[in-house]
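Given chain P, put chain S in place with the hints provided.
Going line by line, the protein sequences match chains P and S.
All letters in the first sequence, in the order written, are residues 0 to 442 by numbering that gives the first Met the number 0.
All letters in the second sequence, in the order written, are residues 0 to 524 by numbering that gives the first Met the number 0.
Be aware that a few hints might be false.
[To be verified] Some but not every residue of chain P turned toward chain S, in silico, with C-beta under 8 Å:
#, residue
1, A130
2, V132
3, M305
4, L310
5, R322
6, L325
7, L341
8, L359
9, A362
10, L363
11, F386
12, L395
[What the hints assert, rightly or not] Stretches of chain S that chain P covers, calculated by requiring three or more beta carbons in the stretch to come under 8 Å of a beta carbon on chain P:
#, segment
13, 1-12
14, 34-41
Honestly, the hints are just simulated from the structure, not real lab data.
Predicted model, so just to flag it, every value in this text is computed and none were measured.
Note that the Cβ used here is the ideal one computed from N, Cα and C, for glycine as well.
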Amino acid sequence: MTATSERRSPVRPHIAALRPRRVELGLIVLIAIVVLAAYGLASLGKSSSVPGNIGPFLAWMLGLFFLSHLSIRRFAPAADPVMLPMALLLNGIGYVMIARLGNDVAGGSDLAGLQSVWTAVGIGCFAITLALVPRVRMLAQYRYLLGIGGIALLALPLLPVGIELNGARIWVSIGPVNFQPGEFAKIALAIFFASYLVDARDLIRNRIELRDLAPIAVAWAASVGVMVLERDLGSSMLVFTMFVVVMWVATERSLFLWLGAGLFMAGGFAAFRLFAHVERRIDGWLDPWADARGGGFQVIQATYSMAEGGLTGTGLGLGEPDRVPLAETDFIFAAIGEELGLAGTTAILMAFLILIGSGLRIALRATRPFEKLLVVGLTTLLGMQAFIIMGGVVRLVPLTGITLPFVSYGGSALVSNYIVLALLIRVSHEQRTVVPSAEGRLG
Amino acid sequence: MNRRIRNLGLTFLLLYTVLFAQLNRVQFVEAETYREHEGNIRPLLREYGQDRGDIVTADGVVVARSVPVPDGEIDFRREYPENERYAHVVGFQSLNQGAFGLERQYNEQLAGTPLDQKFSSIEDVFRDRDTTGTVVLTLRDEVQRAAIEALGTRKGSVVAVDPRTGEVLAMWTYPSFDPNLLAGLDGAAVNDIYKALLAAPDDPLLAKSFREVFFPGSTFKLVTAAAGIDAAGIGPNDPVFPQSNLYQPLPSGSPIRNFGGATCGGDLREALQVSCNTVFAEIGAEWVGPGGMVRTAENFGFNSTPPIDLPDAARSSFPTDYGAFIADLDTYRGDDSDDPAAPSVLRNGATPIHENSAILAQTAIGQNDVKATPLQMALVVAGIANEGLIMAPHVVSEIQAADGSTYETFDPSLWRVATSPRAASVLREAMVNVAQNGTARRLQIDGLEVGGKTGTAQLGTEPPNSHAWIVGFAGPPGGAAEIAVAVIVEAQPGASEQTGGTVAAPIARAVMQAAFAQTPTPAGG
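With the rest of the complex left out, here is chain P (with noise of 0.2 Å):
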């Protein structure tokens, strides 16, 4: 396994290797001074003072930044140079943000403190997926473990060992820990549709058969009609959405799109109707202030947030983003549009498109069509789930229950998102160390 890893350009293979990380290093340093100068900056606006633990907050955050750095120039020196800082940059933000807030979970301890223990775990995890996964050809040879892990995750908070939170059924708490399956569950998903797909799309292409069909659909009704019964609209409507693009790309053919779209209508339709708390939120995207302080206020409280921000926002410290209910989780872009304002989210808007820019790329560029359908799955996630969130704080969709990647508050959803990250560079250094003659010759 480690020789094909090994595998080096033949043209200048030292420059051509340590060029992209040369402009990452520099990146993360840029990146690491702007998430400094954020967090001395949101302490001076709100009380004045430099905060104390600065030197321990720029020890750990450069210690994290550089062990990421490092574990790409150790694992996939090759990868495309721009991902990971944009991660770290949304990562960084978030956390000054959610410093910033200062605010504490039920049990006592602080949200930052947790946030940054939970960043640690995620690069460490981001690391230990670049060194355990070589090569990502050999996570399709477990398609249907993870079809079906990815299910089980899933249901998992339907279980006693589940807990219901704000509606939803979608946290399990075992021991200590509590966390949401659900985002792993995607990633196992998207790699079952991938690796299924590579091989049926032939056969899809030319005629569709319903046997051909059969798992996917399978999957795709249990993964559905699972999140409708914890109530998880947003996260079913994103792996829907993953599906039919990963269906779309895979087979070329208009038609699942078509059928996508009016598969989602007729059941947003449905779930409009069946279910009370989703037309409240559609009410509340429509018109909010017809019930102001009821299904509105949240959403009202977010646009009166960013209005006050206006262009250049308040300033780190000097707004009032915990006015905002669920300031460090699903509105988070809200406090970020008050404080940094159209400059802020805007900046965060073209990180997003960075990320998925460069992941789009590298499955333009991926050789192999395995590789191609599991990047376009796992950046699909990742760039639907942050313009579903975004889009509902700015009133542009309905609200949904899922949080921005990276920036919100929660263990889970940045454990996972470090493990799509550290796929993506996976395959990115993949392809980059591919001599295009020599496609036959790999395995």
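Leaving out everything else, chain S in the frame of chain P:
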């Protein structure tokens, strides 16, 4: 597959562009609209809940301050320890009705937001220093309280200024209101109280002392007299106007009579002493003329807004249009020496007669469309007492930083050159005479030189009611006058010239006495 992937990329680009457009809409295009939304309390709470400095009188009485709110959405709320006594000057700051008075005018300095107040050194970026400012008023609590007590529960206003500097020593209108009721946190309750105050009879929210105009009545004769002295060369003892009980205006109009049909005349001093209408009507119409009267009135501040440092001061007005020019007086009268309306040989022959000179005769005695705020009348007297110079009125003397050091002072400045020093001196002496021998006898104070002029502005009601006015000044004998007062008591029964003297004079006297009772102590300790 690559083609689809590219399409997917374009789709993402499209989605994010739409998102970007919406972001622009919320944070830029419609941001102002959202900020001003009725339900958006952020700007209000931020504005309202910040710590702001005190407002104190010249003698150290705190009339407005911020008190910390133990827990809640805001950090501070505003309190007015003197309740309604300074409401019209200090105003109030409410959560959702905006701010009024000084609380609005000096909001930034109180909150400490002007840059040079906030950052006196680079350290201030890193320190959390109390940068609020204290606004020190020129008003003196003892004088203000005297005015309040003396006026009692009668509708009216009292304004007292220092003629030498323009500092307002007292400014009070009854009825007033308690600003604490409007500074509360319960938005709905404040709304109700505000609506009730707006609808209340006699308009307690309005500071009539400087924001409402009234007929000044005979107090305006001071301006006419000044015009006569400056523009027509009339002296204190010469000419002597004939005794008469009516004045027939030119070119035509109903005759102007004296109170109760009385007959009066004499020189300027005597005419002022008894407030003789016929004399002053003649002076205005036949000695000074429209141009001169308007000019003098405007020199005294009519038709302008006094530059007081409070928002929305009202303009006092003196009519400026008296129709087309007909002829000058001599030409007009021809040589008609047996015209019964031709009173005196000593007329200013060159005075222009206009179509509506009859109206001029009325405005010259403070009737018709002459309207003045109590502040304006106080300034008229202040000008006379200060050798013809009216200083700009102001209620704030200085702004102090939180540590007591002076941040900004308001120096006296000249507002109007009302009249010549000679006319001022003549009128000053004449007013002292009015206080000693005339209608303002109740103004006298032992040990002080006091001058005054009463006024009774008939309201034309049945039974007859009138505004009772008095304007006056007081100072150490032989020295400069240190206080000028205007008092109006609205709609009192009766319509005689005595009304001003009996009703209003005691109030002005009490105010003057309080002003001289003790020297003021510096504010802030």
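Subject >> Violations among the numbered hints, reported as their numbers in ascending order >> reply: 1, 2, 6
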